[in-house]
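Undergrad: Could you build all of it, start to finish, from the sequences and the hints given here?
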Amino acid sequence: MTDFRLDKTEFTDKYVLAGHIYLYKFVAYNAAGKAVYVSPPVKVSIVAADNVIVLQLDSTDALINGKAHQLNVAPFLLDGRTMVPLRFVSEALGAEVEWDGDKQKITLLLGDQTMILHVDSSEAIVDGKTIFMDVPATIVNGSTVVPIRFVGENFRQEITFDDATKTITIKGGGTENPSQSGADEEQAYGEDESEYEADAHLAYFLGEWSMWVPGTGLVSADGSGRYVNGVDGGTLYIYEDGTFEHYNGSKKTTDGEWTIREQSGTLELTGYKWGWDWIVSQTDDGIKVSSYGVYETGSRAE
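So the sequence shown is numbered by the working numbering: it starts at 54 and just counts up by one.
Hints may contain errors.
Listed next, the in silico DMTMM-like pairs over lysine to aspartate or glutamate satisfying Cα-Cα at most 20 Å (straight line) [to be verified]:
#, residue 1, residue 2
1, K78, D285
2, K224, E211
3, K158, E176
4, K120, D103
5, K87, D103
Rather than coming from a laboratory, the hints here were simulated on the basis of the structure.
TA: Set out below in structure tokens:
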């Protein structure tokens with residue numbers, strides 16, 4: 054997190070990357086240098102222009118908009134499926150890639166989309182919905198590779214092949230509605246098991262929670278640092294009827310509906326704050342309510 058002073062009515066942030074989401078807070082100071090107003094976070098999504106990626110089977114040579122790049126692992130065929138390096142293609146399309154080595158988990162963030170994959174698993178979670186890939190994500194020479202179909206359907210790209218040259222071209226303009234491949238497989242879990250898991254998670258979240266907005270360290274442009282103290286986050290009520298309310302003291306600040314996300318065992322609060330949907334997850338000593346990197350913690354109200 055970085056803070057900097059604005060002394061003009063217009064500002065252009067030149068240090069942003071396509072496919073990323075940035076949060077800005079504005080703080081107003083009086084003549085004595087005391088903060089008198091702090092705005093809610095302002096969410097800004099940086100959208101990349103359509104890139105054209107050209108790959109070739111069994112070759113580490115690649116092109117992005119005509120510019121040459123070298124791959125760590127060449128695209129190849131596996132059980133009749135074309136496998137491509139996930140990080141290279143994702144970043145070329147403007148996505149942010151996060152790797153959790155302990156859990157062998159890859160998280161892709163592209164605009165408002167979130168995709169989660171695990172190595173050696175054919176299951177992926179795209180915006181909270183489980184889909185199934187033709188073959189599992191796997192690691193080859195230190196790079197994670199996935200079926201190119203996953204890229205085309207979930208990054209909404211158009212994929213073309215040239216059999217004569219074994220060339221693969223990836224460009225924008227794919228389907229607006231990613232295929233729900235694996236929908237039938239998802240039903241195989243069975244209604245009874247899903248209902249049991251939902252009930253188990255739900256019982257934990259219901260009730261009254263005392264919320265807290267943690268403090269944070271800020272680094273100024275000159276390298277100096279300071280700490281901003283945490284503040285009381287009010288009270289969150291999660292009801293069994295599928296609704297929630299939030300209060301600051303005796304004043305209700307928001308209300309809405311929640312849904313349970315069975316695969317992750319979390320709740321989604323629709324429009325909890327600032328018009329965003331927030332995710333409620335279980336922690337060792339309470340709950341965490343988060344959205345786009347901003348979070349609050351909650352403890353069971355006494």
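Undergrad: All hints, please: hold or fail.
TA: Hints versus structure:
no.: 1; hint: K78 to D285; result: holds (18 Å)
no.: 2; hint: K224 to E211; result: holds (5 Å)
no.: 3; hint: K158 to E176; result: holds (12 Å)
no.: 4; hint: K120 to D103; result: holds (14 Å)
no.: 5; hint: K87 to D103; result: violated (45 Å)
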